[in-house]
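> Sequence:
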Amino acid sequence: MDSSDRPRYVLGEELAIRKLVTFYYREMSRQFYTSGEKHDFWEFVYVDTGDLEVFTDSGRHHLTQGDMIFYKPNLFHGGRALNSTALNLIILSFECAAPCMAFFEDKMFRLHENERQLLSRIVQEGLQAFDPPIDSPHMAGPPIKRDGAAFGTDQLIRNYLEILLIQLIRKGEEGKEAVKMTSVSAELEGDDLMQSVIRYMRDHIAQPLKFDQLCEQFTISRTRMKALFRDKYGMGVMEYFNRLKIEQAKRLIREEQANVSEIAERLGYSSLHYFSKQFKRIIDMTPSEYARSISARALRLRGKPREPSDPEVGAEAEHPGRIPVE
0 MDSSDRPRYV LGEELAIRKL VTFYYREMSR QFYTSGEKHD FWEFVYVDTG
50 DLEVFTDSGR HHLTQGDMIF YKPNLFHGGR ALNSTALNLI ILSFECAAPC
100 MAFFEDKMFR LHENERQLLS RIVQEGLQAF DPPIDSPHMA GPPIKRDGAA
150 FGTDQLIRNY LEILLIQLIR KGEEGKEAVK MTSVSAELEG DDLMQSVIRY
200 MRDHIAQPLK FDQLCEQFTI SRTRMKALFR DKYGMGVMEY FNRLKIEQAK
250 RLIREEQANV SEIAERLGYS SLHYFSKQFK RIIDMTPSEY ARSISARALR
300 LRGKPREPSD PEVGAEAEHP GRIPVE
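Residue numbers (numbering that gives the first Met the number 0): 0 to 325.
These are computed hints drawn from the structure, not numbers from a lab.
All values reported here derive from a predicted model rather than from experimental measurement.
Wrong hints could be hidden among the right ones.
Taking lysine to any residue and the SDA-like style, the derived pairs with C-alpha atoms no more than 20 angstroms apart in a straight line are [to be verified]:
#	residue 1	residue 2
1	Lys18	Lys170
2	Lys106	Lys209
3	Lys170	Phe108
4	Lys209	Lys170
5	Lys37	Ala139
6	Lys144	Asn158
7	Lys276	Lys231
8	Lys18	Ser2
9	Lys18	Phe108
10	Lys231	Ala101
11	Lys231	Lys106
12	Lys18	Pro72
Simulated restraints on C-beta separations [claimed, not checked]:
#	residue 1	residue 2	range
13	Asp146	Glu264	40 to 46 angstroms
14	Arg7	Arg280	54 to 60 angstroms
15	Asp56	Lys225	47 to 53 angstroms
16	Pro72	Gln206	27 to 33 angstroms
17	Gly235	Gln206	34 to 40 angstroms
18	Ser119	Ser57	27 to 33 angstroms
19	Arg280	Ala139	23 to 29 angstroms
20	Leu243	Ala139	55 to 61 angstroms
Glycine included, each C-beta is placed from N, C-alpha and C at the ideal position.
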């Protein structure tokens with residue numbers, strides 16, 4: 000038989016996402032409020048940290064860390080921060096006319112480990128693919144491809160997003176929660192170990208952790224610990240811990256429940272000067288400048304003009320080393 004006559008199997012396609020409308024990683028103050036909007040494309044919102052109240056035509060919904068909600072086309076929706084908590088949100092909107100998208104109408108999900116990993120990969124690609132990156136306050140409207148972006152970033156975002164949607168549909172059809180599968184592969188073992196290390200870091204965020212202390216706690220060699228974090232996050236173990244502390248500091252600043260000196264003390268910094276120095280190094284703004292930028296953003300969201308003395312919200316470094324979604 001001529002090879003050209005050999006039968007081929009045509010792979011089916013249940014859904015395809017070829018156009019993004021918006022893609023943001025947003026840090027909101029505890030005064031965050033939006034009066035609402037509607038549009039002719041799909042959107043989902045994922046709560047990375049904080050409490051969010053969403054109101055739609057179908058009612059009000061309370062989302063906490065790890066929750067995702069979908070807005071179907073032309074559904075009116077708005078939201079606000081709850082319980083005086085600062086918010087970190089992932090907001091992604093896209094076009095998709097596949098009939099199976101009807102599954103997501105009026106749906107909320109609690110994401111599990113495998114789904115959060117997919118979302119984390121989407122975010123990481125978005126941080127590298129676009130200019131400005133998705134966590135920059137300068138990002139507005141459709142993403143713009145960055146010159147020199149890594150090969151295949153668009154396709155990976157599309158593939159990861161389609162896989163995430165398919166997995167959520169499958170979970171719904173099975174009528175049960177997704178469960179984390181155990182694997183003996185070295186990669187997943189490494190991921191599990193890193194998640195345990197990161198949880199330990201978060202639980203001891205105010206303590207002066209040492210690298211050797213972490214290695215001893217998890218019975219792992221210094222060489223392997225370094226390699227795992229370098230390969231996964233592109234930074235050293237203690238640099239990751241320092242950035243976790245600054246992310247926590249940013250959240251506390253946005254919640255406006257403590258002043259800068261109290262935050263430095265709460266996070267275990269030896270002095271206000273050292274805290275401010277670390278904050279400036281990672282965020283490219285002092286804590287006070289960051290607090291003013293958050294206030295300026297809240298005013299603009301409420302339709303009030305920015306004061307000339309307020310720093311531009313985008314003064315933060317365009318890519319301050321985002322801690323990936325956990």
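> Take the hints in turn and mark each one as holding or not.
Tested hints:
1. Simply put, Lys18 and Lys170 have alpha-carbon atoms about 25 angstroms apart, too far for the 20 angstroms limit, and the pair is violated.
2. Straight-line distance between C-alpha atoms of Lys106 and Lys209 comes to about 43 angstroms, which puts the hinted pair past the 20 angstroms bound.
3. Under the criterion of a C-alpha separation no larger than 20 angstroms, the hint pairing Lys170 with Phe108 is consistent with the structure, at around 10 angstroms.
4. Straight-line distance between C-alpha atoms of Lys209 and Lys170 comes to about 41 angstroms, which puts the hinted pair past the 20 angstroms bound.
5. Of the pairs offered as hints, the one joining Lys37 and Ala139 holds, with about 17 angstroms between alpha carbons and a cut-off of 20 angstroms not exceeded.
6. At most 20 angstroms may separate the alpha-carbon atoms for a hinted pair to count; Lys144 and Asn158 meet this at roughly 17 angstroms.
7. Restraint check for Lys276 and Lys231: not satisfied, since their Cα atoms lie roughly 26 angstroms apart, outside the 20 angstroms limit.
8. The suggested pairing of Lys18 with Ser2 is violated, with an alpha-carbon distance near 36 angstroms, which exceeds 20 angstroms.
9. For the suggested pair Lys18 and Phe108, the alpha carbons sit about 23 angstroms apart, so the restraint of at most 20 angstroms is broken.
10. For the proposed pair Lys231 and Ala101, the alpha carbon gap of about 35 angstroms is over 20 angstroms, so the pair is violated.
11. A threshold of 20 angstroms between alpha carbons decides the hint, and for Lys231 with Lys106 the separation of about 32 angstroms lies outside it, so the pair is violated.
12. Of the supplied pair hints, the one linking Lys18 and Pro72 holds, its CA atoms being roughly 14 angstroms apart against a limit of 20 angstroms.
13. At about 44 angstroms, the CB distance of Asp146 to Glu264 agrees with the hint of 40 to 46 angstroms.
14. At roughly 56 angstroms, the beta carbons of Arg7 and Arg280 sit within the given window of 54 to 60 angstroms.
15. Between Asp56 and Lys225 the CB atoms are about 51 angstroms apart, so this pair conforms to the stated range of 47 to 53 angstroms.
16. For the pair Pro72 and Gln206, the beta carbons lie near 48 angstroms from each other, so the given range of 27 to 33 angstroms is not met.
17. For Gly235 paired with Gln206, a C-beta distance near 18 angstroms fails the hint of 34 to 40 angstroms.
18. At about 29 angstroms, the beta-carbon gap between Ser119 and Ser57 stays in the expected band of 27 to 33 angstroms.
19. For the pair Arg280 and Ala139, the supplied restraint of 23 to 29 angstroms holds, since their beta-carbon distance comes to about 27 angstroms.
20. Range check, Leu243 to Ala139: about 28 angstroms between beta-carbon atoms, so the 55 to 61 angstroms window is missed.
Comparing the model with each earlier hint shows violations of hints 1, 2, 4, 7, 8, 9, 10, 11, 16, 17 and 20; every other hint is respected.
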